[in-house]
Each structure stands twice: as C-alpha cells, then as structure tokens.
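Novice: The primary structure of each chain is shown beneath.
There are 2 protein chains.
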Amino acid sequence: MIADIIKAYAQKAEQELFKSLPDKSCQQKTVCDAMAYSVEAGGKRLRPVIMLMTAKMLGLSEDNVMPFAAALEMIHTYSLIHDDLPAMDNDDLRRGKPTNHIVYGEAMAILAGDGLLNLAAETVSDASYSIPSERVLKAVCELFTASGTKGMIGGQVTDIESEGKKISLDELRAIHLKKTGMLIRAAGRVPCALFGADEKITAAITAYCDNLGVAFQICDDLLDVYGDSAELGKNVGSDEANDKSTYVSICGKEEAERLMAEHTRLAKESLACFGEKAAELVSLAEYLTKRKN
Amino acid sequence: MIADIIKAYAQKAEQELFKSLPDKSCQQKTVCDAMAYSVEAGGKRLRPVIMLMTAKMLGLSEDNVMPFAAALEMIHTYSLIHDDLPAMDNDDLRRGKPTNHIVYGEAMAILAGDGLLNLAAETVSDASYSIPSERVLKAVCELFTASGTKGMIGGQVTDIESEGKKISLDELRAIHLKKTGMLIRAAGRVPCALFGADEKITAAITAYCDNLGVAFQICDDLLDVYGDSAELGKNVGSDEANDKSTYVSICGKEEAERLMAEHTRLAKESLACFGEKAAELVSLAEYLTKRKN
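If you read the sequences in order, they're chains L and F. Residues -5 to 287 (my numbering) are what the first sequence spells out, left to right. Residues -5 to 287 (my numbering) are what the second sequence spells out, left to right.
Calculated from the structure, these hints are not laboratory results. Careful: at least some of the hints might be erroneous.
[To be verified] Chain F is faced by these chain L residues, among others (derived, beta-carbon under 10 angstroms):
1) Leu52
2) Ser55
3) Ile69
4) Leu137
5) Lys144
6) Ile161
7) Ala168
No experiment lies behind these values; they were computed from the predicted model shown. Think of the CB as a built atom: it goes at the ideal place given N, C-alpha and C, for glycine as much as any other residue.
Next up, chain L with everything else stripped away, as it sits in the complex (with noise of 0.2 angstroms):
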C-alpha cells in the first residue's frame, strides 16, 4: 500500500531530523525547545518523502540524501514559525497545536525559525558523504536557491503584498509556484544534483515536482471549502475568511478539481522515462489528491 510507503519514508526522515536537533541539554535550552517543538509537531513530511522517493529512483544512496532531507524539513518548519508571527499572518494555531510564538513568546519564535534556517547549512555542510563533494555544494546550492528570494522568500513577499487584492489565475499559480512549488521542486532536484543527473532526466524530475505541487495546492483549496474540520484538523473556510484567492475561489469547484486531475497526469507522464522506477512517486501523486487532510 502506497500509504504504508509513505508512511515508512517519513518516519526515516523523521529520525534524522530529530537526531540533526540540537542537543536539549545544550546551554540555550529555550531556543533549542522552540525549535524542537515545531519541528516535533508533525506534518506530512512531503518534502522529505519526494526527496528520498526520488533518491531510490535514481539509484542514490540514501545517507548521501538524509541530511538533505532534514534540511529541508528544517527550512519548511522554519519558514511556518516566521509565518505565523502576530507581523505576519498571527496565527494562533497550527497542527492543532499553539503556535511557536503562543508558547515561547515573539522574541524566541524569531530566534527558533533563524537557528532552524542556520540548522539547514549546518547539517549539510557538518555530514558525511560517499560521493564527491562538489555535487554536495551543488546540492546545497539548488536547496538554498529554492528557499530564499528567487524562491520561497520571494513567493511570501508576493503573497502578503497581494493581500485584499483581486489576483487573476496567473497571479496565484506564479505565488504558489515560489512559496510552496520551489520547495517541492528542490526535493526533487537535490537528489539529481546528488546524483549528478543529466539534464533530461533532471527536467523530467522538475516538471513532475512542479505539476505535483500545483495538484497538491489546488487540493489543499478544495480542502478549505469541502474538507471535514475533524479530519483536517483545523477550521474549514479559514480562506474565505481570510479573503484570500484560491483555485476555487478564482476557478470554481469543478474547474479546480479538473486542473488538478490535468496537473497529476502532467506529474505522472513526466516520469514515463523511468519506466517502473518510477512506480513509488506515480503512486504518491494519486495518492495526495485523494487526501482527507
């Protein structure tokens, strides 16, 4: 069962990311519980499984991707604390819990989401690698790309300065695309760079990316107007209420669900290459659309 898969796949993930923490008995115990406490909070860990899921494609060994994978959950987690913020979008919860801030106050929240962005290059730089370490650099270098200005930075500054405006369809995809879709994408191109996959093979892995992360978008908006409460685990309409453009809200129920069954063909075609290499990530991108939560 692909669900089992992925299962197994996070949790992996979610070891290394535990054990790349800072040590809780460390003199700076409160940032170091701040930190630890976001990162502990869950989630589906969908980057990280990407990564290793790709890793497994191309044939790469995964202690080479482990730290990659932590980083990049670290960088997530990270980039939700900062979110959060009562500057920001002051939210008081997410995953059901109190937001970092609720918990540990503005000022450590802050200090949390840049020791976890610090964390990141700490933990690819500070591990061990069987291959050459210029494809290591590489790799660092296409992670911090995907999360910084041109990336998801970038796709945040968009967001809140489109805030209360009308977007059109264009508008929103070109938001997502950074502020959720280069992280996506740098699940899958990390390994490539890794591995140091040709360009056809790394194209082919970044459209799957990028096409699954508008799937995956689009199905988190029909969740926001249709989902269940108790099965998401946080209020629906929350949107709406925010007065935020979504697929639905600029598309309609029908045409949202249609574009994101297009965008999980695309995700899946772009695999053809790898033949049945390419099973465990065809079955992930079915799998997310179908998704309660």
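With chain L held as given, fit chain F onto it using these hints.
Specialist: Relative to chain L, chain F alone:
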C-alpha cells in the same frame, strides 16, 4: 597607514557584498530593497577585513575567500535587523538611520533578515573556487556553526535571558564569546579551512580572533560611557539606560582598560609564529583599541 589598508580591504569586501545582493529589478522588489538598505547602511566591515587579512597572511587567493567575506557580513547584517525588531531590542536607530522595520515594516524586516541569512548560504555554494570542494564545504560548516545556536544565535538567547539580572564577569565573557565572538572567530577560521591549514596554525588564528573579539567588546563598552556622541554617531550611555551589564559596569574603567590592553597583547602574541606576515593583523589589533567609534 593601517587605517588606509583597513579601508581598502573593507571597500573590496563591500564591492563583493553589493554584487551578491539580489538584482534590484527583481520581482520581489520590496524585500530586495529592504535587504540592500541594511547592507548598504555601512559599518566597519570588521569581520570581512579580518577574513581578507588572514587569507593574505596564509597565502590564500582572495577570489577563494571573497564569497565567504560577503556571506559573513550578510549574516552579521541579518542579525542586526532581527535584533532591532520590536519583539527583541526594539531599536529605532542604527548607524544614525532608521532601523529596517521602521522603514519597511516588521513583516518585511523579518523576511529581509531571513533573506540575508539564506543569501549567505546561496553565495558561498554558488561561487567558483580554485581549491578542492571538500575545503569549501568545511568552510561552510565553520561559518554556519559560528552563526547558529552553538554560536551567535545561542549568545543572543543567553543575552535576552540575562536582561535585568546581575551577571558575573565570566557570564559576560561567555555571552560575548558567542554573540559577537563566534563570527569574529569564523573570520579567521574560514580562511584556515579554505587553505587547509593544520591544527597549529588554526589554533593560533583562533586565539588571535578570540582575544581581539574581547578587546573589541571592551572598547565598545568604554566608548558607550566615555566616548563622544558626535564621533560615535549614536548616543552614549545607552548600556546604562538599558540596564545592561558591561565590562565597565562590572570591572570599572581602569580594570576594563587594563583588560583591553591585555587581550590586545595576547591577540598579537598569538600570531608570533607567522613573523612579518602577521603585520597587518597585528596593526589591526592595535588600531581597534584606539578607535573613537
């Protein structure tokens, strides 16, 4: 004159720093402007200057260390932006100019800080080097270990937690070693890693940086009490007003001056093994104790 030599190094580092900033015509103009605002606000560029002088002493080509000099200053700058936030020190002025969040708002200041820390990782991983990549990776690890929870961020946490408390000289030293000392140490140790320096050389340069860092901090504390506002470009007496423990408040003026001279002497002595090649770093240590701002 050492002042001219320092200025020349600082200008070289600034050129590299400005070149590494995101293109101002980028889509995320606001955050790029906010990042550039603080980077271009000036400063001594002490850390890049130490790094470039150390590289020269070792015989390491400037091209190989330049991306790290820019990255180190980006990290220093991001830490100032986040430190100034209302949730942290709540400062309105820095270097005689309104702080980042006063000009760009809190959300953008948080993202500009994140963007600079992220850009540091992008800059060092995206550059071309004429040395083995293993050494570059080791230098990346030196840099980000110094700026993380075991270094600068950790020092900031301890500093916040000791506000309003009476602390001992040893506790004060421990805070400064992490909060400002570790980045100064990285300025010396990153070129060591890039050069592939042996343990003895690395230890000598580390000792220089640590002693210089202490002397630099004592000088800061003295200037805050006995300096001239006009020359400093900021008000004197801010430490006392903020109820901050300093070398002056704990030891008194005379003992602080003695300690500053002692650590400057130790810094210079650490480099004895380099003979004449250490002349610039030796002069820098002397120069810094005589500064008026």
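Novice: Take the hints in turn and mark each one as holding or not.
Specialist: Each hint, compared with the structure:
no.: 1; hint: Leu52; verdict: 21 angstroms, violated
no.: 2; hint: Ser55; verdict: 18 angstroms, violated
no.: 3; hint: Ile69; verdict: 9 angstroms, holds
no.: 4; hint: Leu137; verdict: 8 angstroms, holds
no.: 5; hint: Lys144; verdict: 7 angstroms, holds
no.: 6; hint: Ile161; verdict: 14 angstroms, violated
no.: 7; hint: Ala168; verdict: 8 angstroms, holds
When held up to the earlier numbered hints, the structure conflicts with 1, 2, 6 and fits the remainder.
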